[in-house]
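Protein chains in written order, with our numbering: chain P, 29 to 354; chain U, 104 to 442.
Careful: at least some of the hints might be erroneous.
[Said to hold, decoys possible] In silico lysine-lysine, DSS-like type, Cα no more than 30 Å apart, as pairs:
(1) LYS259(U) x LYS326(P)
(2) LYS311(U) x LYS297(P)
(3) LYS65(P) x LYS373(U)
Derived from the structure by calculation, the hints contain no laboratory data.
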Amino acid sequence: MSQGNLLEVDNLITSFDTERGMLRAVDHVSFSIPHGKTVGIVGESGCGKSVTAMSIVRLLPQPSGKVLGGEIRFMGEDLLHASDKRMREIRGGKIGVIFQEPMSALNPVHRIGRQVAEVFRIHKDMSKKDAWDAATEMLDLLRIPAPEKRMMDYPHHLSGGMRQRVVIAMALACRPSLLIADEPTTALDVTVQAQILDLLENLQSDIGMSVMLITHDLGVIAETCDEVVVMYAGRVVESAPVEELFGNPLHAYTQALLRSIPTLETPPKSVLPTIPGTVAGLGEHTHSCRFCQRMGRKSSMTRERPKFKEVQPGHWLEICKECSNL
Amino acid sequence: MFKPVSEFPLLTAEDLRVHFPVRTGLFMKQTGAVKAVDGVSLQLGVGETLGLVGESGCGKSTLGKALVRLLNPTSGKIFFDGREITHLGQGALRPLRRDFQMIFQDPAESLDARMSVRSLVEEPFRIHGMGNRAERKKWVDDLLETVGLSASSAEKYSFEFSGGQRQRIGIARALALKPKWLVCDEPVSALDVSVQSQILNLLVDLQKDFGLSYLFIAHDLSVVKHVSDRVAVMYLGKIVELADSETIYRDPRHAYTKALLSAVPNADIKVKRKKILLEGDVPSPIDPPAGSAFGHRMSHPRYEETIGMDLSLREIAPGHWVAADPTCLEPEDWEKLRV
Numbered sequence: 029m030s031q032g033n034l035l036e037v038d039n040l041i042t043s044f045d046t047e048r049g050m051l052r053a054v055d056h057v058s059f060s061i062p063h064g065k066t067v068g069i070v071g072e073s074g075c076g077k078s079v080t081a082m083s084i085v086r087l088l089p090q091p092s093g094k095v096l097g098g099e100i101r102f103m104g105e106d107l108l109h110a111s112d113k114r115m116r117e118i119r120g121g122k123i124g125v126i127f128q129e130p131m132s133a134l135n136p137v138h139r140i141g142r143q144v145a146e147v148f149r150i151h152k153d154m155s156k157k158d159a160w161d162a163a164t165e166m167l168d169l170l171r172i173p174a175p176e177k178r179m180m181d182y183p184h185h186l187s188g189g190m191r192q193r194v195v196i197a198m199a200l201a202c203r204p205s206l207l208i209a210d211e212p213t214t215a216l217d218v219t220v221q222a223q224i225l226d227l228l229e230n231l232q233s234d235i236g237m238s239v240m241l242i243t244h245d246l247g248v249i250a251e252t253c254d255e256v257v258v259m260y261a262g263r264v265v266e267s268a269p270v271e272e273l274f275g276n277p278l279h280a281y282t283q284a285l286l287r288s289i290p291t292l293e294t295p296p297k298s299v300l301p302t303i304p305g306t307v308a309g310l311g312e313h314t315h316s317c318r319f320c321q322r323m324g325r326k327s328s329m330t331r332e333r334p335k336f337k338e339v340q341p342g343h344w345l346e347i348c349k350e351c352s353n354l
Numbered sequence: 104m105f106k107p108v109s110e111f112p113l114l115t116a117e118d119l120r121v122h123f124p125v126r127t128g129l130f131m132k133q134t135g136a137v138k139a140v141d142g143v144s145l146q147l148g149v150g151e152t153l154g155l156v157g158e159s160g161c162g163k164s165t166l167g168k169a170l171v172r173l174l175n176p177t178s179g180k181i182f183f184d185g186r187e188i189t190h191l192g193q194g195a196l197r198p199l200r201r202d203f204q205m206i207f208q209d210p211a212e213s214l215d216a217r218m219s220v221r222s223l224v225e226e227p228f229r230i231h232g233m234g235n236r237a238e239r240k241k242w243v244d245d246l247l248e249t250v251g252l253s254a255s256s257a258e259k260y261s262f263e264f265s266g267g268q269r270q271r272i273g274i275a276r277a278l279a280l281k282p283k284w285l286v287c288d289e290p291v292s293a294l295d296v297s298v299q300s301q302i303l304n305l306l307v308d309l310q311k312d313f314g315l316s317y318l319f320i321a322h323d324l325s326v327v328k329h330v331s332d333r334v335a336v337m338y339l340g341k342i343v344e345l346a347d348s349e350t351i352y353r354d355p356r357h358a359y360t361k362a363l364l365s366a367v368p369n370a371d372i373k374v375k376r377k378k379i380l381l382e383g384d385v386p387s388p389i390d391p392p393a394g395s396a397f398g399h400r401m402s403h404p405r406y407e408e409t410i411g412m413d414l415s416l417r418e419i420a421p422g423h424w425v426a427a428d429p430t431c432l433e434p435e436d437w438e439k440l441r442v
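Chain P with its partners taken away, still in its complex shape (with noise of 0.2 Å):
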């Protein structure tokens, strides 16, 4: 991995503690983030896309979600031995967080302006004024409409396009180097969600900050991102450049994900290509290709992990004798 690089994931292991032991929800993923592009995180749920994501920003449900084992650099710095006064400083400071129901990250009981603005004052140590201001000028920049009269309102006045400017607002607030996105438009229309991918494409160039996008929508991965890392049942099975991933799907799960999607283009009412069986429950995965496990291949019985290699330049991919098609 170059020293171009954002952010680096390097082998992480994350578990969950639970009734039934220990589950590993992440089985050591690898990945970078290069300064100012966007990196898709494509999978289907409970793949470990998001499990990936707070395990970065250190905000696993806890008690029960650990991280085990990997390492996490950030700016070159070592995020999984940062003191947790360190993580508040870089979580809103240096890496901003978007989730999909923007609803669950606003307050209900406070006004717009108050939790914008409480962004500033923490990290910013502003005053209240100043933060009032800086508040206000971030609401005008998402091209909210009549900002001021925004900062009076609560969550519950706009609409769900709006309550997602506003939290991205909140998230751009300090200008950070990194933006994790978890599915920042699942909720909204199509017409609503080209809105907010166009902003934020506006908002990357201006500040000059790299993008962790997070969805299952392979059209949006297409449109928005320079990088694409699909991720399957805990582990990357395939990451290379979009135009590569696209253009030469080498992973049988990459193939497969990509043939099942309608598109404007498919003849209606065709019979799609599905993928048989589904995913395996977490502890109840092979340690070998779990690709293989799902097609229900004699294969998956083994224990030998796959290999994880480059096999062109920037592209990555999980060696498999069935699945990889090189």
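We have chain P; now place chain U onto it with these hints.
Below, chain U alone, put in the same frame as chain P:
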């Protein structure tokens, strides 16, 4: 009068309106109304899928519920199989309910967690007093097989299943009474893509096997295009464009349809389309603009003209209906439609 023609209409709605009263103050005086569905006319043919798209809050779910009489229409008429059902009481509706069913978005919430899959799927038979125990058992087993669930799943509970399998249980329940048409309200939007394609394939297969008609409500335009024969685009309680699905995606005429289509993220990396970005949100259906609702959102210079104008659907090409609205059409299309 607008009549989009289906050769054999199974269902016809004429100028349907569903308004919810807004009550305020101490004596709960009615001060206004949410015009969720405001003058919708449509027809659904036998074996046809009509897709219904639009942003959240445009009234598409309300329309679906009103058509199966889960909500009472404020005015307008609904005909099913040639019989008017707009004002039938619950008792008179019950035998008809066999013919129309609904599939909901979130299968977890529409299935009772304390009932086994067998009793869930059997419930419609019991309500309608059909069959004896042995017969019902066989019917349930057949239904589970039809929707691709193993016979052993009958004794389990819905929470033991994944989202896709739960949706299959919901579909089995809806199919139990051999309905003629189904309202599918966002049936796949809560599912992962790989599971989504399984459910879409199932719905398409069932339609072929049983000659079902669907009203397919979804916000994912690629999904709607995939399953629909015709597509209706809804904006603020009204249908603004309706055509066969190929036409509406290839040659949209209404500015809102164009914007909606351009906003769909495209997984084809080689195609870069220009997006039409809409400003703002859907206006409130409590106090809709007096003229063209979409013209108002776009702050169109000709908006004032549309106040009081008849903006109903007119046929611009055979089978292609669009709202006659000068603020939302290309000038040459508007010239064709103005009377």
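- Message: Let me make sure I understand: some of the numbered hints might not hold for this structure. Which ones are they, in numerical order?
- Response: none
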